[in-house]
Amino acid sequence: MIHRLVHQVVKTGMNAFLADARMVDDLFTELFALPVEEVESIRTYLQSHTLRVVNGYPRVDVNPPLVAIILSQEGEDEHFLGYLAGMVDEDGDPAMRGAEVQGSSWKHTFQLPVVTEHPDVTAAYYEALKTVLIAGIPTLVEGGCWGFQLSGAELAPDPRYIPEGLFVRQLTLSLNAPFLYFNRASALGKAFQVSGLHVDRSGSPSDPGAVKTNIGVFAEGEDE
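In my numbering, the protein residues as written are 128 to 351.
Note that these hints are calculated values from the structure, not bench results.
Note that CB positions come from ideal geometry on N, CA and C, so glycine has one too.
Label pairs and their in silico Cβ distance ranges:
1) 264 to 199: 15 to 21 Å
2) 186 to 215: 40 to 46 Å
3) 176 to 286: 21 to 27 Å
In silico lysine-lysine, DSS-like type, Cα no more than 30 Å apart, as pairs:
4) 234 to 138
5) 234 to 257
6) 257 to 138
Put together the whole structure using the sequences plus the hints.
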């Protein structure tokens, strides 16, 4: 599931970022040219607090600082011809060889709100999260994702999920990933197979010839 891959990238990446003073310096000193005293204050705060990474909407009982991973939207982005994506040529499971691969490309949009008790702290975590997601793109690619796009916005806390008085800045991540079904003559595949054929010659201008059928004739009131 894509949200678990995103969660892995965010959690692993943020832990590595916050534990490495050089990464803090690269972002806030080299890129943003903040004063040394301010960068040191940011480093001290980030390394002395535990950032929680949660799936789904943040809950009021989850204390900040935190970043949530929320699936805000998804949908089919590109269809394969007849949903057919190819065949399995080689696989560890012999039963999978020759299986039909069906599916389509889906576009997923995740909202990642960063929630803290101070606007400057929220901004610091937000910029760190951008760094982590960009650095984590190779991992997402290995997981079968592509078409990445990042955007962001300031948000007002929603008291249904986040206590008032906190500060929220949200990063939005969009990506594409395939959703595939491997049809290896399973029960699901058989469920959609047509088991009989009926041709009404009276509805055709020509005789279609002999047509074999395994559809019976049912009297009124009988079940098919």
